[in-house]
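Asks: The residues making up each chain are set out below.
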Amino acid sequence: MRLHRRLMTALLCLILVSLCGITAAQRETEIRIGVYEPMTGAMAAGGQMTYEGIQLAQEQRPTVLGLPVRVILVDNRSDKVESATAVTRLIQKDKVCAIIGSYGSALSMSGGPVAQAAKVPVMGCSPTNPLVTLGNDYYFRACFIDPFQGRVMAQFAYEKLGARTAAIIQDIAQDYAVGLANFFKQAFTEMTGNPKSIVAFTSYQTGDRDYTAQLTYVANAKPDVVFAPGYYADAAVLITQARSLGLKMPFLGGDTFEAPEFTQIGGKNVEGVYFSTHYSADAPVTPASEKFVALYKAKYKIAPNTFAALGYDCYNLVLDAIERAGSSNPVAIRDAMAKTRNFVGATGIITLDANGDATKSAVVLVVRDGEFKLVDVVHPR
Amino acid sequence: MMARKRVVLSILKIAAVCAALVLFFLLLAWGQEHWDAYTVRILNLCGIYIGITLGLNLCNGFTGQFSLGIAGFMAVGAYTTALLTMAPAIKQAVYFIEPLIYPLNSIQWGFLPSLLMAAIVSGIVGFLVGAPAIRFRGDYLAITTLGFAEIIRVLFTNIVPITNGALGLKGIPPHTNLVWSWGFALVCVAVMARLMRSGFGRALKAIRDDEIAAEAMGVNLFSHKCLAFVVSAMMAGVGGGLLGNLITTIDPNMFRFPLTFTVLMMAVLGGLGSITGTVISAALVTVAMEALRALEEPRVIFGLALPGIPGMRMVVFSVALMMVILFFPKGFMGDRELSLDRAKSLATRLRRANTSRQG
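Chains as they are written, first to last, in the working numbering: chain A, 361 to 741; chain B, 12 to 370.
All the pointers check out, no bait thrown in.
Coverage of chain B stretches by chain A, computed from C-beta distances (three or more under 8 Å per stretch; other residues unrestricted):
1. 52 to 63
2. 105 to 115
3. 162 to 170
4. 180 to 187
5. 252 to 260
6. 317 to 328
It is worth saying that the hints were derived from the structure and are not from the lab. Note that the structure is predicted; figures quoted are calculated from it, not measured. The C-beta atom is built at its ideal place from N, Cα and C for all residues, glycine as well.
Construct all of the structure, not just a fragment, from the sequences and the given hints.
Replies: Put into structure tokens, the structure is as follows:
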């Protein structure tokens, strides 16, 4: 009983001490920018990569309007309910004037309405679902959206690979994959002019381990290419099984393939896989990308990834808007943000359209000798 | 004389309870407008989780049927409410891959009928799942219900013309406020309290303590377990509906099994089989999850600068959870209740102990 009491008291003291730590409450002497990202949970990898980019950008540009910038990070635990609470906290408690986030469209969709109601602008890094900015004039994003990405791959398959028929295997549990598959299908049938050019359309669930049924179905349809949007872990296993079943046609995917794990899991089997993404460290599209790649390599000792680059751009986009607004008033920042034109970012030249979505070029990469090599750059029309 | 006095007393009691309720709701309505959005959001979550956890406790704690299907029933309720309350124009914009099927795409109901509908639909699903599943006992029931919850989620991912699949729903009207969420919590508390004092509630407890003995005493196992299961599913469904209309967007991935475990943790911490314990722990866990966020902020303690570590609060939370399980294996309250009478008797006992020590 005594041990029990002591332990409980010790724990309580520990919590109290940590709660009492001094949080700097300098209100008017700094510009506060909130970041809500999944730092733990299923999507933690993406959130951490994005935050690395944001930190790098802050080191490069620590002041705006003559005031220091403070970045306040809140973790949304890859959870939708928590995501909405996190944004509320940033606005109400930390009184931020702009927000960056979040990796994962579903998380952005629950944070968005909160920011809109409180009239605080949000710059999304990589939520590509078209629904994120739909009907929300306070949500912007630095990335292109799924309709564009789907069209890019369809165009690439049609023009560069000469494909006339295609099969689609989508991860039906991921909004990202479902959207991409749908827009690829639309664009591809439009280009070929043949409504039957998608010869097979099938699905799997995140975490499935056996894709034999889907692959046999696809093999029987004999498509020129297979479009398989999904996350890298599942896609790498799927392509490995496809090769062992004797499917030799090219496989295509989206920006989620860009992870070292993709080649680690897939090994030789994912050689020659094409995928679209936001930028490539090999082919810096702007002077800003060269600078970013050098800085990132100096700090983290590895080649940067897309999400870090998008985080870096988001921070700079927000600071750019604050500078043009000339104040830390969220509504003024929102108006300035909506007028972003020809912003030179690490991931390309960004112009925000009426929906708040970035129109910018995409790159197509291929896996060669276990590395991602640039094959094509596609510009928006 | 005594009888009259008793009548007057009970009328006074009822009047006091009514007055307290009215005051409570007036306070909530006032708070909705005047408290900051962060506080309001956390309080809303408290109310919703209290209701859902009570539902889980009815099945797991009071009846002893260890079910893990709560996330599935929440999904059913959330989708029902969302589809009924969303404006047709928004539905058209959100369903951009496949349009929503006919009757649903053109209707818009009020919040109360939608929630009632959510209760009915999740009750029906609860019966369909429960009727076959409750023939199992113990671990087997847990596995079966967990499986059913996953089936519901996978179904929702695949029936795109109704649920919009993995893309989820957006633009659900934000109807949920403090009055709704705490109204739901209070209704659940009232239902549970009445139920536990009725013969039906005693039969449920009898089933929990010894199924064979209960059956020998004439308790119909199937109908009792089934009804407990259905009522539990209904509470989860309404809670899910309130949650959907609070965060204004839902998708099938929200209702994976970690959600069930969050609710289960609240029930276990408070005590399986205690209404007041459940209320306290559901509120405490919800508030603590936010309060402990302070642990993840970079801070200066005694001149020592510490960087913020994301995930720190989960570590502290797990340690606290383990301590509770170690020292209170039956949760804070076990199967006891906190009530005015109990507090009074405790006070009397203390006073007596004091006087005897002095004397």
